[in-house]
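Residue 86 in the numbering used here sits at position 85 of the first sequence, and the numbers go up by one each step.
There could be a bad hint or two in this list.
Unchecked claim - EDC-like mimics (lysine to aspartate or glutamate), calculated; alpha carbons at most 20 Å apart, straight line:
# : residue 1 : residue 2
1 : K340      : D268
2 : K340      : E314
3 : K91       : D115
4 : K91       : E104
5 : K340      : D402
6 : K64       : D102
7 : K111      : E55
Claimed, not checked - Simulated restraints, written as ranges between beta carbons of each label pair:
#  : residue 1 : residue 2 : range
8  : E73       : E317      : 45 to 55 Å
9  : E272      : A18       : 24 to 34 Å
10 : N269      : S32       : 31 to 41 Å
11 : T13       : K64       : 25 to 35 Å
Hints are computed from structural coordinates only; laboratory data are not their basis.
Source: prediction; values computed, not measured.
Backbone N, C-alpha and C define an ideal beta-carbon position, used for all residues, glycine too.
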Amino acid sequence: MERKRVKELLHTDEQFAGIKIQGWVRSKRESKTFSFLEVNDGSCLKNLQVIADETIETYEALKDVNTGASVEIEGDLVESPGKGQKWELKATSVKMVGYADPETYPLQKKRHTDEFLRQISHLRPRSNKYSAIFRLRSEASFAVHQFFREIGFFYVHTPIVTGSDCEGAGQMFRVTTMEDTTKPAAEDFFGKAAYLTVSGQLNVENYACSLGNVYTFGPTFRAENSNTPRHAAEFWMIEPEVAFADIHDNMSLAEDFVKYLIQFLMDNCREDLELFFNFVDKGLEEKLKHVLASDFARIEYREAIKILEASGEKFEYPVSFGVDMQTEHERYLAEQYFKKPVFVYNYPKTIKPFYMRQNDDGETVAAMDLLLPHVGELVGGSQREDRLDVLEAAIEKMGLDMEEYWWYAELRKYGSVPHSGFGLGFERFLMFVTGVSNIRDVIPFARTPKNLDF
RNA sequence: UCCCCGAUAGCUCAAUCGGCAGAGCGAAUGACUGUUAAUCAUUAGGUUGCAAGUUCAAGUCUUGCUCGGGGAGCCA
Numbered sequence: 002m003e004r005k006r007v008k009e010l011l012h013t014d015e016q017f018a019g020i021k022i023q024g025w026v027r028s029k030r031e032s033k034t035f036s037f038l039e040v041n042d043g044s045c046l047k048n049l050q051v052i053a054d055e056t057i058e059t060y061e062a063l064k065d066v067n068t069g070a071s072v073e074i075e076g077d078l079v080e081s082p083g084k085g086q087k088w089e090l091k092a093t094s095v096k097m098v099g100y101a102d103p104e105t106y107p108l109q110k111k112r113h114t115d116e117f118l119r120q121i122s123h124l125r126p127r128s129n130k131y132s133a134i135f136r137l138r139s140e141a142s143f144a145v146h147q148f149f150r151e152i153g154f155f156y157v158h159t160p161i162v163t164g165s166d167c168e169g170a171g172q173m174f175r176v177t178t179m180e181d182t183t184k185p186a187a188e189d190f191f192g193k194a195a196y197l198t199v200s201g202q203l204n205v206e207n208y209a210c211s212l213g214n215v216y217t218f219g220p221t222f223r224a225e226n227s228n229t230p231r232h233a234a235e236f237w238m239i240e241p242e243v244a245f246a247d248i249h250d251n252m253s254l255a256e257d258f259v260k261y262l263i264q265f266l267m268d269n270c271r272e273d274l275e276l277f278f279n280f281v282d283k284g285l286e287e288k289l290k291h292v293l294a295s296d297f298a299r300i301e302y303r304e305a306i307k308i309l310e311a312s313g314e315k316f317e318y319p320v321s322f323g324v325d326m327q328t329e330h331e332r333y334l335a336e337q338y339f340k341k342p343v344f345v346y347n348y349p350k351t352i353k354p355f356y357m358r359q360n361d362d363g364e365t366v367a368a369m370d371l372l373l374p375h376v377g378e379l380v381g382g383s384q385r386e387d388r389l390d391v392l393e394a395a396i397e398k399m400g401l402d403m404e405e406y407w408w409y410a411e412l413r414k415y416g417s418v419p420h421s422g423f424g425l426g427f428e429r430f431l432m433f434v435t436g437v438s439n440i441r442d443v444i445p446f447a448r449t450p451k452n453l454d455f
């Protein structure tokens, strides 16, 4: 007997006789002579209603079938005489595959808080909201690859383990096989200190300067003790890198990319998205449409400071050229002033890492951040320093070890080209597109300080 | 890491001045019904996060710890 997924059955135009579904019971409504089951198999948000009459041979099996149990049901798909659904499965056979004790099964038919569900991360994808999130996450991942493939980019698998102890992006996790970590790193597995990557950028630049247009998309690790709803110790980042591209090309790519992902989900994941439109953020659909319809603003840092100074707002942290912008400043720009996504670019070089290209003014580098209303920084990127002497001077000035970057420097020695790239935090994008306010709720098993369950 | 708030039944919460541990939902049982977050009735369900202290008496006050939430810093 052919197994059908619930998604297909709910969207079909024809009746099916003699099919089978497999899934988990969301609820059971019992009568004396028949029972209704709501069965979800994860293929889509909606459940398939099953009606089982007491006359079927296997009706006894239903006694132990409760919320949470897994079942295999054979029957005929027929038009539902009841209200609320077009189709239902008239069961000819019901088999319980796995029992779920209703006294202890933690998911009830009612709404749960995100905090509670986070404590049962192994079961939360059986809820409507979380199954929707993780289907959207899967589809968005696919869209990332499709976007880049359509415009001729190649996917590069940059390493997870790295030997450079300062990639300029926060604290790193040490990787070791040594029992005694006080021993010299030369005795360790790699013969030197090893870490989990904080960015694939330095590696992927090499492939941009050979394959031309590339990206990497993989896990990224930050050991920073950040306790906020926007930070995780392990997250996924998308980092495109483009040869023969300047900072303006870079911003255009980021804008096209963000819009493509949103449009893809609007086109392909309507049903799951609507859950978030209806129950998570009533204004979400408008926000997404607004982003799609907007030309993202682009202003230089210098300009942004002037806007902030002239705003008349009372900021907790005063602004002036040379200081990094605070959350309150970013929010003012994106939410109050522009009311749409805004790129801020050409930052003072004193607050940015060594690899960013220095501008002719001697004060700024070709860095850019994309600020989104209500989300903050979604993208950070730059044009890279492609002049060997300038790069070497910058490495030295920041007190880094030139020896560690010899291969990175050689990229500038042999056939150097202007090139640019950025990093987009995949979870932050998902937060934006779903309205979910905690990063721990858009990643299957969150890794955060003092939290390594599951 | 810093600031603020919180932790009571499986879940969400209440408990007045320090004085008998409560409700809704969920669950079990029964009734009823082409039902649909079904409905109605009954029942069970507690080391009040952990450790100490003050007190005749602590869910309530004090101290420490753990965990969670919000904000900040850092960032994606």
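**Asked** Can you give the numbers of the hints that this structure goes against, from lowest to highest?
**Response** 1, 3, 4, 5, 7, 8
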